[in-house]
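Take a look at the letters that make up each chain.
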Amino acid sequence: MTDSTPAQPQERIIKVDALSRVEGEGGLHVIVENGLVKDVRLAIYEPPRFFEAFLRGRPLEDVPDITARICGICPVAYQMTCVHALEKALKIVVSPEIQTLRRLLYCGEWIESHGVHIHLLHIADFFGCSSSIELARKFPAEVNRGLRLKKIGNRLLEILGGRAVHPVNVAVGGFYRVPKKDELTALLDDLTWGLDAAIETARWIAKFEFPDFDQAYEMVALQNDHEYPMNEGRIASTHDLSIEVEAFEQNFAECQVPHSTALHAMRIPQQTTYFVGPLARVNLNRDRLSRSAFQLSEEVGVRWPCMNPYRSIIARALEVVHAYEEALQIVRNYRSFAPGRISYNAFESEGMAATEAPRGFMFHRYRIDKDGKITFAKIVPPTSQNQRQIEKDLQAILPSLLEQSDEEIALNCEKLIRSYDPCISCSTHFLKLKVERR
Amino acid sequence: MTSELKTKMKEADKPRLAVFKFASCDGCQLQLLSCEDELLTIADRVDIVHFLEASSHIEPGPYDIAIVEGSITTAEDAKRIRRVRDQSKYLLTIGACATAGGIQALKNWGDRSEFLRCVYAEPQYIETLATSTAIGDHVRVDFELRGCPINRHQLLEELRSLLEDRRPKTAAHAVCIDCKLNGTVCVAVASNTACLGPITQSGCGAICPKFDRGCYGCFGPAGQSNCHSLSDWYLEHGIGSKQLVPLLRNFNANAPEFREAGDRVDPTSNPGARL
Numbered sequence: 001m002t003d004s005t006p007a008q009p010q011e012r013i014i015k016v017d018a019l020s021r022v023e024g025e026g027g028l029h030v031i032v033e034n035g036l037v038k039d040v041r042l043a044i045y046e047p048p049r050f051f052e053a054f055l056r057g058r059p060l061e062d063v064p065d066i067t068a069r070i071c072g073i074c075p076v077a078y079q080m081t082c083v084h085a086l087e088k089a090l091k092i093v094v095s096p097e098i099q100t101l102r103r104l105l106y107c108g109e110w111i112e113s114h115g116v117h118i119h120l121l122h123i124a125d126f127f128g129c130s131s132s133i134e135l136a137r138k139f140p141a142e143v144n145r146g147l148r149l150k151k152i153g154n155r156l157l158e159i160l161g162g163r164a165v166h167p168v169n170v171a172v173g174g175f176y177r178v179p180k181k182d183e184l185t186a187l188l189d190d191l192t193w194g195l196d197a198a199i200e201t202a203r204w205i206a207k208f209e210f211p212d213f214d215q216a217y218e219m220v221a222l223q224n225d226h227e228y229p230m231n232e233g234r235i236a237s238t239h240d241l242s243i244e245v246e247a248f249e250q251n252f253a254e255c256q257v258p259h260s261t262a263l264h265a266m267r268i269p270q271q272t273t274y275f276v277g278p279l280a281r282v283n284l285n286r287d288r289l290s291r292s293a294f295q296l297s298e299e300v301g302v303r304w305p306c307m308n309p310y311r312s313i314i315a316r317a318l319e320v321v322h323a324y325e326e327a328l329q330i331v332r333n334y335r336s337f338a339p340g341r342i343s344y345n346a347f348e349s350e351g352m353a354a355t356e357a358p359r360g361f362m363f364h365r366y367r368i369d370k371d372g373k374i375t376f377a378k379i380v381p382p383t384s385q386n387q388r389q390i391e392k393d394l395q396a397i398l399p400s401l402l403e404q405s406d407e408e409i410a411l412n413c414e415k416l417i418r419s420y421d422p423c424i425s426c427s428t429h430f431l432k433l434k435v436e437r438r
Numbered sequence: 439m440t441s442e443l444k445t446k447m448k449e450a451d452k453p454r455l456a457v458f459k460f461a462s463c464d465g466c467q468l469q470l471l472s473c474e475d476e477l478l479t480i481a482d483r484v485d486i487v488h489f490l491e492a493s494s495h496i497e498p499g500p501y502d503i504a505i506v507e508g509s510i511t512t513a514e515d516a517k518r519i520r521r522v523r524d525q526s527k528y529l530l531t532i533g534a535c536a537t538a539g540g541i542q543a544l545k546n547w548g549d550r551s552e553f554l555r556c557v558y559a560e561p562q563y564i565e566t567l568a569t570s571t572a573i574g575d576h577v578r579v580d581f582e583l584r585g586c587p588i589n590r591h592q593l594l595e596e597l598r599s600l601l602e603d604r605r606p607k608t609a610a611h612a613v614c615i616d617c618k619l620n621g622t623v624c625v626a627v628a629s630n631t632a633c634l635g636p637i638t639q640s641g642c643g644a645i646c647p648k649f650d651r652g653c654y655g656c657f658g659p660a661g662q663s664n665c666h667s668l669s670d671w672y673l674e675h676g677i678g679s680k681q682l683v684p685l686l687r688n689f690n691a692n693a694p695e696f697r698e699a700g701d702r703v704d705p706t707s708n709p710g711a712r713l
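In order, the protein sequences belong to chains C and A. Residues in the first sequence are numbered consecutively from 1, following my numbering. Residues in the second sequence are numbered consecutively from 439, following my numbering.
Please keep in mind that the hints were generated in silico from the structure rather than gathered at the bench. Model, not experiment: these values are computed from the prediction. Possibly wrong hints are sitting among the right ones.
In silico BS3-like links for lysine-lysine, alpha-carbon gap of 30 angstroms or less [stated by the list, open to error]:
no.: 1; chain 1: A; residue 1: Lys607; chain 2: C; residue 2: Lys373
no.: 2; chain 1: A; residue 1: Lys607; chain 2: A; residue 2: Lys452
no.: 3; chain 1: C; residue 1: Lys138; chain 2: C; residue 2: Lys151
no.: 4; chain 1: C; residue 1: Lys138; chain 2: C; residue 2: Lys91
no.: 5; chain 1: C; residue 1: Lys151; chain 2: C; residue 2: Lys415
no.: 6; chain 1: C; residue 1: Lys91; chain 2: A; residue 2: Lys680
no.: 7; chain 1: C; residue 1: Lys88; chain 2: A; residue 2: Lys680
no.: 8; chain 1: A; residue 1: Lys648; chain 2: C; residue 2: Lys181
no.: 9; chain 1: C; residue 1: Lys392; chain 2: C; residue 2: Lys370
no.: 10; chain 1: C; residue 1: Lys151; chain 2: A; residue 2: Lys680
no.: 11; chain 1: A; residue 1: Lys680; chain 2: A; residue 2: Lys648
no.: 12; chain 1: C; residue 1: Lys38; chain 2: C; residue 2: Lys415
no.: 13; chain 1: C; residue 1: Lys88; chain 2: C; residue 2: Lys415
no.: 14; chain 1: C; residue 1: Lys378; chain 2: A; residue 2: Lys680
no.: 15; chain 1: A; residue 1: Lys618; chain 2: C; residue 2: Lys180
no.: 16; chain 1: A; residue 1: Lys680; chain 2: C; residue 2: Lys373
no.: 17; chain 1: C; residue 1: Lys151; chain 2: A; residue 2: Lys517
no.: 18; chain 1: C; residue 1: Lys151; chain 2: C; residue 2: Lys91
no.: 19; chain 1: C; residue 1: Lys88; chain 2: C; residue 2: Lys370
no.: 20; chain 1: A; residue 1: Lys648; chain 2: C; residue 2: Lys88
no.: 21; chain 1: A; residue 1: Lys607; chain 2: C; residue 2: Lys370
no.: 22; chain 1: A; residue 1: Lys527; chain 2: A; residue 2: Lys517
no.: 23; chain 1: C; residue 1: Lys180; chain 2: C; residue 2: Lys88
no.: 24; chain 1: C; residue 1: Lys392; chain 2: C; residue 2: Lys88
no.: 25; chain 1: C; residue 1: Lys392; chain 2: C; residue 2: Lys378
no.: 26; chain 1: A; residue 1: Lys452; chain 2: A; residue 2: Lys517
no.: 27; chain 1: A; residue 1: Lys618; chain 2: C; residue 2: Lys181
no.: 28; chain 1: A; residue 1: Lys607; chain 2: C; residue 2: Lys151
no.: 29; chain 1: A; residue 1: Lys618; chain 2: A; residue 2: Lys517
no.: 30; chain 1: C; residue 1: Lys207; chain 2: C; residue 2: Lys392
no.: 31; chain 1: A; residue 1: Lys607; chain 2: C; residue 2: Lys138
no.: 32; chain 1: C; residue 1: Lys38; chain 2: C; residue 2: Lys392
no.: 33; chain 1: C; residue 1: Lys370; chain 2: C; residue 2: Lys91
no.: 34; chain 1: C; residue 1: Lys207; chain 2: C; residue 2: Lys151
no.: 35; chain 1: C; residue 1: Lys415; chain 2: C; residue 2: Lys138
no.: 36; chain 1: A; residue 1: Lys648; chain 2: C; residue 2: Lys180
no.: 37; chain 1: A; residue 1: Lys648; chain 2: C; residue 2: Lys91
Using the sequences and the accompanying hints, generate a full structural model.
And the structure:
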């Protein structure tokens with residue numbers, strides 16, 4: 001949906017009223033004056049939902065169920081980040097068994113969320129299709145393989161959490177109920193098939209044609225000496241940053257910009273943009289990918305670290321391979337255990353944590369009163385961190401597109417935006433854009 | 439179903455289906471994409487002409503079937519839902535946001551300007567209503583699917599019933615009965631856990647008690663649920679209002695039965711604001 005408003009002879013306004021195949025809803029607004037790109041705004045008309053306000057006064061036990069509702073595509077990411085933050089506040093140390101089961105749950109969400117993005121939202125762009133339904137007519141075997149890959153992720157979430165969207169089993173301190181061994185081993189055949197299918201998928205995707213668009217990004221992700229990062233690690237960047245999660249707010253800030261659409265995240269004090277997501281994770285943790293995923297990363301013809309956002313889909317495909325391989329290993333070695341949940345007493349305290357949502361780094365901080373009620377909540381989701389970077393990318397790419405029709409420009413901008421897998425509903429902070437016509 | 443829609447079904451051309459989103463998490467729309475085995479079959483039986491999450495192919499109305507996710511929280515959305523209604527023959531709302539206002543309806547008990555200041559440094563740029571309300575509070579709705587999130591089997595059944603011109607088979611009994619049918623031990627009786635099963639509509643598969651926890655009401659009030667009696671029973675059995683009120687006020691806080699029950703147990707707070 002585009003329209004062009006000939007306001008003044010030299011002025012050209014390109015609007016994409018409704019971005020499609022992204023999670024949540026948003027638009028794009030570009031102003032070109034005298035052949036120069038004057039302004040680019042990623043417009044988000046996702047209404048604010050005030051999670052951080054209404055969490056106050058709630059019992060801390062409610063936080064995993066409530067924050068899950070920020071995003072139906074990555075509810076586990078919110079549940080994982082908040083339980084780790086609350087456990088830090090209450091000085092709860094969970095057992096290695098609980099940590100492993102949480103990784104398995106996160107594997108399920110990465111498989112499901114990456115599966116949705118790769119097959120249902122993104123691949124269509126590489127073949128000039130408007131949807132995966134149209135794509136399925138050209139590549140029925142590949143699309144069906146993708147749907148089955150995603151479905152197994154959903155199955156894993158259902159076994160561990162009762163359902164794939166807003167699972168009910170995550171608690172502060174662990175799990176409400178620990179699964180029995182045979183519940184998980186029932187998935188072994190599917191996981192074995194999935195690992196091979198994920199490898200084939202990654203090989204297929206690596207052969208797509210990608211535009212040249214390398215940028216000097218600062219990529220940010222958790223980094224961990226022992227494992228590919230999900231729930232634990234230091235905050236690292238491709239610009240040699242390596243800090244404890246507790247130092248996040250001294251190095252990163254969100255600020256509200258007039259006439260813009262979100263709390264924009266930036267590095268401080270330098271006030272620069274940064275990039276989070278699967279590509280940042282692979283760049284910073286490639287040697288900790290599972291065996292098959294690492295091997296594939298060598299084969300796929302990408303020079304690492306990769307600074308081309310269009311190739312994020314390759315990183316996503318490698319992570320699906322990793323998630324299948326790790327899930328397979330966890331399920332094979334799994335023994336049911338007790339206690340599934342570490343007990344605790346509430347006291348006045350504060351805690352923060354960061355985890356890796358499918359779309360990238362996420363940070364939460366909470367304060368609790370002596371009765372176990374939330375008195376303060378701060379949630380920094382991945383998309384609000386990437387938004388400023390996306391706008392900067394659009395500014396960089398637009399000059400090369402100006403010869404094209406508005407329709408083509410809009411399509412090319414959308415493709416760039418989609419390569420980030422933006423999850424606009426997770427925008428606890430996105431605002432409505434006021435369109436300014438000059 | 440309207441007679442026009444029936445006629446359309448009999449004709450060779452496929453009904454035009456559109457999906458619209460208001461304030462929500464996208465999880466209910468995602469259930470449509472999670473119908474892996476059925477997705478391509480459905481796509482053959484309808485023309486999906488507006489589904490931003492899934493397709494960049496967009497056509498203007500009118501629509502035969504509009505699926506609406508999300509609640510109304512801005513003045514612009516209150517206008518937009520009227521435009522959607524005007525263009526749609528059959529309007530189906532999906533999920534707790536669309537049918538009751540969702541978790542964001544918790545702001546109905548808060549102070550709007552204080553909420554704005556809490557989240558945004560410069561609240562003057564934000565446009566928001568004081569309330570989050572159900573789609574049915576604004577326009578006529580033909581059918582509601584409950585749940586946070588909805589159950590994808592119920593969504594498929596509703597779509598199939600529309601295409602086959604019959605009534606959908608969706609249960610309206612309390613989820614408490616499903617636990618009995620599943621043989622799940624009652625968490626309220628066995629471990630004195632506050633559970634909303636007796637007053638919550640069936641549809642989720644009674645998963646919470648299977649995971650050793652009480653139902654938190656994500657499918658909203660069941661028909662003829664006696665919320666007062668259940669909350670009195672819990673209060674008499676040592677589950678205090680500090681536990682009961684947040685339980686009644688979550689994903690379906692603004693569903694009338696839950697709203698009244700919560701406000702009755704907690705007369706000290708402001709009652710939940712309505713449209």
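Okay, the hints, checked on the actual structure:
1. Lys607(A) x Lys373(C): Not satisfied, since the Cα-Cα distance of roughly 41 angstroms exceeds 30 angstroms.
2. Lys607(A) x Lys452(A): Distance ~23 angstroms between Lys607(A) and Lys452(A) Cα, so the pair holds.
3. Lys138(C) x Lys151(C): holds, 21 angstroms
4. Lys138(C) x Lys91(C): Roughly 54 angstroms separates the two Cα atoms, so the pair is violated.
5. Lys151(C) x Lys415(C): holds, 25 angstroms
6. Lys91(C) x Lys680(A): holds, 24 angstroms
7. Lys88(C) x Lys680(A): holds, 24 angstroms
8. Lys648(A) x Lys181(C): With a Cα-Cα distance of about 16 angstroms, the restraint between Lys648(A) and Lys181(C) holds, given a limit of 30 angstroms.
9. Lys392(C) x Lys370(C): The hint is violated at about 44 angstroms.
10. Lys151(C) x Lys680(A): violated, 39 angstroms
11. Lys680(A) x Lys648(A): holds, 25 angstroms
12. Lys38(C) x Lys415(C): holds, 21 angstroms
13. Lys88(C) x Lys415(C): Violated, at about 40 angstroms.
14. Lys378(C) x Lys680(A): holds, 24 angstroms
15. Lys618(A) x Lys180(C): holds, 22 angstroms
16. Lys680(A) x Lys373(C): holds, 10 angstroms
17. Lys151(C) x Lys517(A): violated, 37 angstroms
18. Lys151(C) x Lys91(C): Answer violated: Lys151(C) to Lys91(C) is near 37 angstroms, above 30 angstroms.
19. Lys88(C) x Lys370(C): Measuring from Cα to Cα gives roughly 15 angstroms; hence the hint holds.
20. Lys648(A) x Lys88(C): Since the Cα atoms of Lys648(A) and Lys88(C) sit roughly 28 angstroms apart, the hinted pair holds (cutoff 30 angstroms).
21. Lys607(A) x Lys370(C): violated, 48 angstroms
22. Lys527(A) x Lys517(A): holds, 18 angstroms
23. Lys180(C) x Lys88(C): It holds: about 28 angstroms lies between the C-alpha atoms, which stays within 30 angstroms.
24. Lys392(C) x Lys88(C): Given pair Lys392(C), Lys88(C) is violated - Cα atoms ~36 angstroms apart, limit 30 angstroms.
25. Lys392(C) x Lys378(C): Given pair Lys392(C), Lys378(C) holds - Cα atoms ~26 angstroms apart, limit 30 angstroms.
26. Lys452(A) x Lys517(A): holds, 28 angstroms
27. Lys618(A) x Lys181(C): holds, 25 angstroms
28. Lys607(A) x Lys151(C): holds, 25 angstroms
29. Lys618(A) x Lys517(A): violated, 44 angstroms
30. Lys207(C) x Lys392(C): Given pair Lys207(C), Lys392(C) holds - Cα atoms ~27 angstroms apart, limit 30 angstroms.
31. Lys607(A) x Lys138(C): violated, 36 angstroms
32. Lys38(C) x Lys392(C): holds, 12 angstroms
33. Lys370(C) x Lys91(C): Given pair Lys370(C), Lys91(C) holds - Cα atoms ~14 angstroms apart, limit 30 angstroms.
34. Lys207(C) x Lys151(C): holds, 24 angstroms
35. Lys415(C) x Lys138(C): holds, 20 angstroms
36. Lys648(A) x Lys180(C): Roughly 13 angstroms separates the two Cα atoms, so the pair holds.
37. Lys648(A) x Lys91(C): Measuring from Cα to Cα gives roughly 29 angstroms; hence the hint holds.
Violation of the numbered hints given earlier is confined to hints 1, 4, 9, 10, 13, 17, 18, 21, 24, 29, 31; the remaining hints are satisfied by the structure.
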